[in-house]
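Undergrad: Okay, here's what each chain looks like letter by letter:
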Amino acid sequence: MLAFIIRRLLQAVLVMLAVALIAFTLFRFVGDPVNQMVGQDTTPAQRAELRESLGLNDPVPVQFARFIANAARFDFGRSYQFKQPVSDLIGSRLPATFELSFVSALFALLVGIPMGVYTGLNRTSILSKLFLTISLIGISLPTFFIGILLIFVFSVTLQWLPSFGRGEVVDLGVWTTGLLTVSGLKAIIMPAITLGLFQMTLIMRLVRSEMLEVIRADYIKFARARGLPDRIVHFRHALKNTLVPVITITGLQLGSIIAFAIITETVFQWPGMGLLFLQAVQNVDIPIMAAYLMLIAFVFVVINLIVDILYFVVDPRLRVERAVQS
Amino acid sequence: MRIRNAALAAGIAAALLAAAPASAKTFKYAFQGVLNTLEPYALNETFTLGTLGNVYEGLIWRDKDLKIHPALAESWEVLSPTKWRFHLRKGVKFHNGNDFNADDVVFSANRVRSKGSDLTNYLNADVKVTKVDDYTVDFELSGPNPILNYQWEFWYILDKEWTEEHDAVSVTSASDTSPNYAALHANGTGPYKVVSHEAGVKTVFEKNENYWGKVEGNADRVEFTPITQDATRVAALLSGEMDLVYPIPVQDIPRVDGNQGTRAMTGPELRTIFLGMDQRRDELLYSNVKGKNPFKDVRVRKAFYQAIDENAIVKKVMRGLATPSALMISPFLYDRAGEFKRYPYDPKASKALLAEAGYPDGFEVGMDCPTDRYVNDEAICQAVTAYLARVGIKVDLNAQPKAKYFAKILASGGYDTSFYLLGWTPSSFDAHNVLFSLMNCRDDSGAGSPFNNGGWCDEKVDDLTAKILVENDKTKRDEMIYEAFKKANDDVRYIPLHQQGLAWGVSDKVDVAQRADNVLSFRYVDVKE
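Heads up: the sequence lines are chains A and B, in that order. Following full-length UniProt numbering, the numbering of the first sequence begins with 1 at its first residue and continues without gaps. Following full-length UniProt numbering, the numbering of the second sequence begins with 1 at its first residue and continues without gaps.
You can take every hint at face value.
Okay, the calculated bits of chain A under chain B, using three or more residues with CB under 8 Å as the criterion: (1) 36-49; (2) 69-83; (3) 159-172; (4) 267-275.
No lab work stands behind these hints: they were computed from the structure. By construction, the Cβ of each residue, glycine as well, lies at the ideal position given by its N, Cα and C atoms.
So that you can see chain A by itself, here it is in the shape it has in the complex (with noise of 0.2 Å):
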């Protein structure tokens, strides 16, 4: 178990120095920083000179080298834009982005299961129906599109939601939470909302195409033959054996939440981390898009340890084979 751990994380290492490695190549082709760092006035001299302090002018592999050992002490630069230390910024803007991939995540699973349930239980009803045209919609249209409209109907015309931001939020020292106040949790809904409806989509995809194929197995006829409740059959036995794939699905999909978060939070001006890399892209603020790619390569190689991890401990063919190899 130890070695099979350890060998992973040796892994991970390499996947997060491949990840820098393939940001830094394509940072060449981002553009040019400095003069978006300089007013118009300022001559090319001073900006060859504040280039050449940047380090710019350095080959990539000697900017890597630099970058990889820095960040090895957690240091990642100071933003161009803002002239604060990266890891502060990104510090600061995390609580924003967690928050809202979790309420996305919780949306998902507390919307996505019961429909799938549903229909997979009364495939021709007409509210299925309903439901999978909703989730067609959710599966086919582009986050954004989505955003807008909540945000053209919601807050332009109802006038019921905050078209932006967080709404109020309090410090709790070391992380910012705007679910404790009305203003906040008004905030989250529609962002929530449009982030979570693809993943909602899929988990109730695949919850009804698990149950139907549940539904169609031996135990569940049998279950029925002794006469149990159909309440039982359905959420006790049914239920319960398609939940695997889902909760394998939604491990992996959190990382994505967090990933994609980039464009929901764009469009409603949330303060988290995928804005403050879409603004870092746009003004080529090299240290914050370095530090940000490298944090989400993070994100992603835990959720995948931890699934490796959980996989080993869940199933036992695993562990007996690894018994058998040594």
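Knowing the structure of chain A, use the given hints to seat chain B on it.
TA: Positioned in the frame of chain A, the structure of chain B alone reads:
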């Protein structure tokens, strides 16, 4: 557990307290860009400096019509053409309670010219600044400069003691390794104080009750939020969450006007949008004409000019929110601008000129264009491309985000362009800046006129520019400016397109003043009940 609950309760209480002073007149606004830093010398850019102008003050200030008024300097006199004396205002206090005096001016004069400052051109390195007494400062120049104080609205005076106390004497720059106090805190003399600043999220200002001057507006508290997305920004105004958002896309103006409770405020901006052509290389980088540079021929340049229907661009692309321009400077900034006329749109004449120059079937040329810098910049370039196609010029349009565009066409990219679209606002509000930045000769590294990307060179214009800088007589000066601009116009060195317009979305609950340089001054914000 108990500790956590206590922290929670404290947090909630704090949130409630923060929300409490609701009766105070609060003004909320959003801009498309981010207020990156509170350091007043870090970035020479209108939004940053304009916003900080509510907190900090210079020796002068400009009102809503851009007229110069005394601010921290009560008055000034020109003792000799090269010596200016400024009499400072007495009894002014910084937000932290410190007194303002001559030491602060001398200190700020050194700091603004120090390494890392992006505002070094606001005060020449060879100007000697000396304290005469506590409230008098002399500026000794190496040559006459009639517009010495034109830019000084944005040269803010810092408190020497405060800056030294917090170890912020050197200007923040990204290459620093230590964080700078002045980037996150502000201590000015202006009518508003910074209460909190979270870069890229929210900045809150509060009225400075001890302000020395009178303020027209009545806002007690001002909240700024950047909203990057156009659609979200407009929605925030329409839903009543924001009192003012700017800019709004030109296509949304009717919607904002039609909505009950909001209006669009439009006006001319000082920025001139124009086309430039490579007139320096012997062969264009992006063209099928080999061995010669067609743009060296004035007939070709004029043919390009007359092929473009600028009135139609203003009407269709800019939806009326622009004014066709005959000159490279806003008519607000030059009294004799009215004497210049645009060459008329005339595709026939254009074709004839091309044929005369030896290109009866036209030629191909590459064009560079930004996509996120000016109002509808990419659409303007597409329109230009279409008009030029009608006279046989095949334009290969390369439209890119500004980060890539500027890296290509400016000195750092080796002026890698043949034909480009650019906009310019003279930061000194004066014609000399236009001549000096866009119309003088330059070498390959950009020494000379750094933004003369086309690299054309006319000794006569250079001479005039040098004389204009030191001429104190306004009539003579205007005459020389006229001559220089006329020379450039006759030779069609640039193709001026239009003065871009400003578009703000404003709630009917507030009154504001729109400055032509797109600066929002809280002094004019009036919140109605």
